[in-house]
Amino acid sequence: MICRAKSSHIGSVFSTVDILAVLYDKILRVDPAQPDWPDRDRFILSKGHACAGLYAALAERGFFPATWLEEFFANGGRLAGHATHWGVPGVEASTGSLGHGLSLGAGMALAGKRDGLSYRVFVMLSDGECDEGSTWEAALFAPHHGIENLVAIVDYNKIQSFGRVDDVLGLSPFAAKWESFGWGVCEIDGHDHPQIELALSQIPLMRGKPTCVIANTVKGKGVSFMEDKVLWHYRCPDAEERRLAFAELEGK
Amino acid sequence: MELAARDDRIYLLVGDLGFGVVEPFIQKFPDRFLNMGVAEQNMTGVAAGIALTGKTVFTYSIANFPILRCLEQIRNDVCYHKANVKIVSVGGGFSYGALGMSHHATEDLAILRALPEMTVIAPGDPFEAQAATRAAAEYDGPCYLRLGRAGEPLVHASKVNFRIGQAIRVREGDALTLISTGAMLRTAVDVADALAAKRISVRVLSMHTLKPLDTDAVLAAAQETRAIVTIEEHSISGGLGGAVAECLAESGELRVPFKRLGIPAGFSAPPGTQEYLRDLCGLSQNSILRSLEPLLEAVHVS
Chain A
5 MICRAKSSHI
15 GSVFSTVDIL
25 AVLYDKILRV
35 DPAQPDWPDR
45 DRFILSKGHA
55 CAGLYAALAE
65 RGFFPATWLE
75 EFFANGGRLA
85 GHATHWGVPG
95 VEASTGSLGH
105 GLSLGAGMAL
115 AGKRDGLSYR
125 VFVMLSDGEC
135 DEGSTWEAAL
145 FAPHHGIENL
155 VAIVDYNKIQ
165 SFGRVDDVLG
175 LSPFAAKWES
185 FGWGVCEIDG
195 HDHPQIELAL
205 SQIPLMRGKP
215 TCVIANTVKG
225 KGVSFMEDKV
235 LWHYRCPDAE
245 ERRLAFAELE
255 GK
Chain B
3 MELAARDDRI
13 YLLVGDLGFG
23 VVEPFIQKFP
33 DRFLNMGVAE
43 QNMTGVAAGI
53 ALTGKTVFTY
63 SIANFPILRC
73 LEQIRNDVCY
83 HKANVKIVSV
93 GGGFSYGALG
103 MSHHATEDLA
113 ILRALPEMTV
123 IAPGDPFEAQ
133 AATRAAAEYD
143 GPCYLRLGRA
153 GEPLVHASKV
163 NFRIGQAIRV
173 REGDALTLIS
183 TGAMLRTAVD
193 VADALAAKRI
203 SVRVLSMHTL
213 KPLDTDAVLA
223 AAQETRAIVT
233 IEEHSISGGL
243 GGAVAECLAE
253 SGELRVPFKR
263 LGIPAGFSAP
273 PGTQEYLRDL
283 CGLSQNSILR
293 SLEPLLEAVH
303 VS
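Quick note, the sequences are listed as chains A and B, same order. Under the numbering used here, think of the first position of the first sequence as 5, with each following residue one higher. Under the numbering used here, think of the first position of the second sequence as 3, with each following residue one higher.
I should point out that these hints are in silico values taken from the structure, not numbers from a laboratory. In this text, all values refer to a predicted model and were calculated from it rather than measured experimentally. Even glycine gets a Cβ: it sits at the ideal position worked out from N, Cα and C. Don't take every hint at face value.
Beyond 12 angstroms from chain B on every Cβ pair, some chain A residues (computed) [to be verified]: (1) Asp29; (2) Glu64; (3) Leu173; (4) Glu183; (5) Glu191; (6) Leu202; (7) Pro208; (8) Lys225; (9) Leu235; (10) His237; (11) Phe250.
Only pairs whose alpha carbons sit at most 25 angstroms apart, straight line, appear in this in silico BS3-like list of lysine-lysine [unchecked claim]: (12) B/Lys84 / A/Lys117; (13) B/Lys213 / B/Lys84; (14) A/Lys117 / B/Lys30; (15) B/Lys261 / B/Lys213; (16) A/Lys233 / A/Lys10; (17) A/Lys10 / A/Lys225.
A few chain A residues that don't get close to chain B, going by computed Cβ distances all over 12 angstroms [stated by the list, open to error]: (18) Arg65; (19) Trp72; (20) His195.
With the hints as constraints, model all of the structure from the sequences given.
See the structure below:
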């Protein structure tokens, strides 16, 4: 899909796909036949640049035919290069500019809570996105109102757009920041499916608090030459790289 | 209050402002009120999130705060999602003149007019403001409502027949049309009345909706009167004057003399009352009358 589209961000996608797989397979209470069901769980990909993985997960879950994936990045296609909800069932919110998703999710979760509905809202953030002030405005807001049906999952691959997080704008102590803002926080290996499932099955982690799952991940996970490299935020694999990547991924 | 009592989907979010104004709402509808703190980006994103669950959400702050700080949230989260969010700003133009540049909301109309899906409303007096609030609540989609600071002079004698996108003809005349938006309406009417005393009949349109613009009313003015002048407490770039100029230019009605009155390019540096700053920008009744003289001579009505 990415090679056909000649698009970028494959590294960002590979760091999130294990979490997406567990979410859409085991966690989210959604019904592809009724994408607007009022009490459905919501998932917002706030790091909208990793949308190739989301589109693939939605197609796999039956929200739309897999043939739509061929329209990714295409002129006039349904699937834009950052998550878009226009005409795409299952995409709850359009993103692409960082620092928007947590506020949107907090609003949806708060309204559900006040309406007495049981749905949860999961928002996946990037670590680079935690540079944005608006992310921390939302991080202050959600605990203040005890929005315990809100879950922030941070894809903590420690590489942002133009360098390592520690070199660009350090976030550590990262878990302590979220805790001090009033979130129930847990840290997991974001590629270990049982760990992901366990963490996301215990919502809220702490009663009366929103939950933050810091998922330690590896950018480009699964393809040895892509792992932990800034380059794969931008580069699209050529034919030979594609062959090698498929060989590695299928061999696993 | 009345709207919220009738429609339990209405939420009100404020950016840590509204002292002495919103307390009755908080008391009556605590579950539909949020003081978001001094965090307009989050206020706007949360508003969009709530609206996407089927609610009508008003955000409220003063001057530029609910619009410029969070402009991208308005564009991406509100407009792109067609979220039912109504952005209310009190203190349009120089309402907070003495507070200085940061509190002068003088480019808001131009900026919000450029956003897809956004309806832009600047009512002309308290009767229009009341009707506009109701109309915005009933309208399904993003709205920006630019209000004054309360205590604006009345222009209409009673409730008005208010429809989004339909200018209100406040004075009838054929020599000249004054088109005003927002709280400049009182001045526009006073100018018209002063000219009427000199037997110059002036049409006054309250163009309370900047977008969608009532192009029919503009074109009728171009055909039925001899000149058009726009009056706004806003930069002359891109607001009412810009919108009317675009309409006239594209319609081919360029033979009608046209003038934009508003805040000239540049910041208004000194502090001052609304009245003082308006005068400084040529927006008082007397300065408008003076600047109309050459135009009236040119169209042979003075």
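Quick rundown of the hints versus the structure:
no.: 1; hint: Asp29; in the structure: holds, 25 angstroms
no.: 2; hint: Glu64; in the structure: holds, 25 angstroms
no.: 3; hint: Leu173; in the structure: holds, 18 angstroms
no.: 4; hint: Glu183; in the structure: holds, 20 angstroms
no.: 5; hint: Glu191; in the structure: holds, 25 angstroms
no.: 6; hint: Leu202; in the structure: holds, 28 angstroms
no.: 7; hint: Pro208; in the structure: holds, 18 angstroms
no.: 8; hint: Lys225; in the structure: holds, 29 angstroms
no.: 9; hint: Leu235; in the structure: holds, 28 angstroms
no.: 10; hint: His237; in the structure: holds, 21 angstroms
no.: 11; hint: Phe250; in the structure: holds, 35 angstroms
no.: 12; hint: B/Lys84 / A/Lys117; in the structure: holds, 23 angstroms
no.: 13; hint: B/Lys213 / B/Lys84; in the structure: holds, 16 angstroms
no.: 14; hint: A/Lys117 / B/Lys30; in the structure: holds, 19 angstroms
no.: 15; hint: B/Lys261 / B/Lys213; in the structure: holds, 20 angstroms
no.: 16; hint: A/Lys233 / A/Lys10; in the structure: holds, 18 angstroms
no.: 17; hint: A/Lys10 / A/Lys225; in the structure: holds, 19 angstroms
no.: 18; hint: Arg65; in the structure: holds, 21 angstroms
no.: 19; hint: Trp72; in the structure: holds, 20 angstroms
no.: 20; hint: His195; in the structure: holds, 29 angstroms
Going through the hint list in order, the structure satisfies each hint without exception.
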